[in-house]
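Use these hints to put chains B, C and D onto chain A, whose structure you have.
4 protein chains.
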Amino acid sequence: MESDPRILRDLRARVAASPFHAGLGLRVDEARAGAVSLSLETAPEQRNLQGLVHGGVLATLADMAMGLAVRSAIEEGRRHVTIELGVHYLRPARPGRVSARGETVRVGSQVAFARAEIVDAGQRLLATATGTFVVTRELGGPDAQ
Amino acid sequence: MESDPRILRDLRARVAASPFHAGLGLRVDEARAGAVSLSLETAPEQRNLQGLVHGGVLATLADMAMGLAVRSAIEEGRRHVTIELGVHYLRPARPGRVSARGETVRVGSQVAFARAEIVDAGQRLLATATGTFVVTRELGGPDAQ
Amino acid sequence: MESDPRILRDLRARVAASPFHAGLGLRVDEARAGAVSLSLETAPEQRNLQGLVHGGVLATLADMAMGLAVRSAIEEGRRHVTIELGVHYLRPARPGRVSARGETVRVGSQVAFARAEIVDAGQRLLATATGTFVVTRELGGPDAQ
Amino acid sequence: MESDPRILRDLRARVAASPFHAGLGLRVDEARAGAVSLSLETAPEQRNLQGLVHGGVLATLADMAMGLAVRSAIEEGRRHVTIELGVHYLRPARPGRVSARGETVRVGSQVAFARAEIVDAGQRLLATATGTFVVTRELGGPDAQ
Numbered sequence: 053m054e055s056d057p058r059i060l061r062d063l064r065a066r067v068a069a070s071p072f073h074a075g076l077g078l079r080v081d082e083a084r085a086g087a088v089s090l091s092l093e094t095a096p097e098q099r100n101l102q103g104l105v106h107g108g109v110l111a112t113l114a115d116m117a118m119g120l121a122v123r124s125a126i127e128e129g130r131r132h133v134t135i136e137l138g139v140h141y142l143r144p145a146r147p148g149r150v151s152a153r154g155e156t157v158r159v160g161s162q163v164a165f166a167r168a169e170i171v172d173a174g175q176r177l178l179a180t181a182t183g184t185f186v187v188t189r190e191l192g193g194p195d196a197q
Numbered sequence: 053m054e055s056d057p058r059i060l061r062d063l064r065a066r067v068a069a070s071p072f073h074a075g076l077g078l079r080v081d082e083a084r085a086g087a088v089s090l091s092l093e094t095a096p097e098q099r100n101l102q103g104l105v106h107g108g109v110l111a112t113l114a115d116m117a118m119g120l121a122v123r124s125a126i127e128e129g130r131r132h133v134t135i136e137l138g139v140h141y142l143r144p145a146r147p148g149r150v151s152a153r154g155e156t157v158r159v160g161s162q163v164a165f166a167r168a169e170i171v172d173a174g175q176r177l178l179a180t181a182t183g184t185f186v187v188t189r190e191l192g193g194p195d196a197q
Numbered sequence: 053m054e055s056d057p058r059i060l061r062d063l064r065a066r067v068a069a070s071p072f073h074a075g076l077g078l079r080v081d082e083a084r085a086g087a088v089s090l091s092l093e094t095a096p097e098q099r100n101l102q103g104l105v106h107g108g109v110l111a112t113l114a115d116m117a118m119g120l121a122v123r124s125a126i127e128e129g130r131r132h133v134t135i136e137l138g139v140h141y142l143r144p145a146r147p148g149r150v151s152a153r154g155e156t157v158r159v160g161s162q163v164a165f166a167r168a169e170i171v172d173a174g175q176r177l178l179a180t181a182t183g184t185f186v187v188t189r190e191l192g193g194p195d196a197q
Numbered sequence: 053m054e055s056d057p058r059i060l061r062d063l064r065a066r067v068a069a070s071p072f073h074a075g076l077g078l079r080v081d082e083a084r085a086g087a088v089s090l091s092l093e094t095a096p097e098q099r100n101l102q103g104l105v106h107g108g109v110l111a112t113l114a115d116m117a118m119g120l121a122v123r124s125a126i127e128e129g130r131r132h133v134t135i136e137l138g139v140h141y142l143r144p145a146r147p148g149r150v151s152a153r154g155e156t157v158r159v160g161s162q163v164a165f166a167r168a169e170i171v172d173a174g175q176r177l178l179a180t181a182t183g184t185f186v187v188t189r190e191l192g193g194p195d196a197q
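Residue numbers (the working numbering), protein chains in the order written: chain A, 53 to 197; chain B, 53 to 197; chain C, 53 to 197; chain D, 53 to 197.
Hints should not be assumed to be uniformly reliable.
Listed next, with one range per pair, are the computed distances between beta-carbon atoms [to be verified]:
id : chain 1 : residue 1 : chain 2 : residue 2 : range
1  : D       : E127      : A       : R58       : 50 to 60 Å
2  : D       : G174      : B       : E54       : 54 to 64 Å
3  : D       : Q175      : B       : R79       : 33 to 43 Å
4  : D       : A68       : A       : D81       : 25 to 35 Å
5  : A       : E128      : D       : R61       : 52 to 62 Å
6  : A       : Q175      : D       : G129      : 31 to 41 Å
Covered by chain A, according to a simulated footprint, are these stretches of chain D (three or more residues, beta-carbon under 8 Å) [unchecked claim]:
id : region
7  : 133 to 147
8  : 175 to 183
By construction, these hints were calculated from the structure, which means they are not laboratory data. Every residue, glycine too, gets a C-beta built ideally from N, C-alpha and C.
For reference, chain A alone in the conformation it holds in the complex:
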């Protein structure tokens, strides 16, 4: 995707300012209105007993990719809050870099819908996700950036 430099800069600033996002080592690779690519290098402490990346890390990454895609598609003053997140786990995620591409499916006046795909370094599809967001002018909600 061809990135929009203003959106890319804005999302990178948000990620840098959020302790949770920055702490994950999240990188915003590409961004334009309604579509965002993120990646992170999974850390040893994100693995389970079998040495695989925990599904919660992938769920978090998918939520971020979709949330930032919604963010990039709405006006400055508005807020987005995840109200519903669904993830399908297709394959075990071995340690290494994982990337998520999130995109909006529809952005309405009150509600936005998005989807995401997560792939490993070899572009194997690890997980797919869908999300529903309330888009509002007010503050609040668990995932508002």
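Quick look at chains B, C and D alone, frame taken from chain A:
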């Protein structure tokens, strides 16, 4: 719930042995066959820009509560792998202790279904979740404990 | 559950007035603010090649039970619209009477969450469901009653 | 999509043989291994009080499109059963022809994943869906064709 001491001990040992689970500060509070209560004290680095607990942390906690509930309901040698996770975010999660109760809805020969509820220290319901698991004798999968 | 006669009467009138609801043979068995029990006798034309009730019929029934539960919990002039529906199919549904109990999980100013369980005549759990609804004063949406 | 004549013929025969599928007026428009396009003309009795197509009809159509896509991707003797269905309703569905395109996302040895999109006659996206299926050699389950 009245805990089964053997199951409680087994799940605590698993959590202690998994870098991801232990790193979250996850505590297994109660456990019996098919039902598990977990909690964690959310850390500053799990918060977003508004100081709220990120939805990914709650998704992770819900997945763990459901996965361990399935774990507690199947025989020793079998494996469980999350194939589908759905979370509804009902209220913003303010910093502090959050608890999840996971329980199995049905454990079949190939597939198990579970649900979870997450509450804050004041017992306010923050999120609900559902999960689908493949139950197998083979190794593998993103969330197998 | 103990029904609220006014709510029961209101929902029965709505079901009778809707071609789709009435055509299914839907019966409102119980209703109070935030909880509704529905049932229907599955017809031969609702079965698939193996003679089992099609999952789409159960999804429809779950959506109706949750939608009417939301309906019973909001004021007269407001509308509810399903924006998200999730169903887990636990067991095959053999022909006969199926019942759904829907209840609200949280009704907010913009969004409502609900869940439902579907059982057969022997009270075996066939399916569970969750739903997200936009609650508005305006007309519209695919499932508004 | 370019159809595979053998698969198209097989799916049309299945739809014709199933009382539920045939009763809906379901038409198989295109089909190849892993992808299926269906459509139906919504009937007056599929509408709710506002004259919109009920969300249950769209959920049913999405389940069928995904189920037949899985069917077209597995060997003759195997069975598929829907275990999880998720639908997002993006826009109200006005009366008229609706089409669903279902496709497999991953078909494993035990589990298959699929997604679907539903559009109206003007190609407006009305709903998106995801599904999880158990794929087995044994008979049974609510949606096995």
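Inset, instruction - May I ask which of the numbered hints given earlier this structure violates, with the numbers listed in increasing order? - result: Numbers 3 and 4, in rising order.
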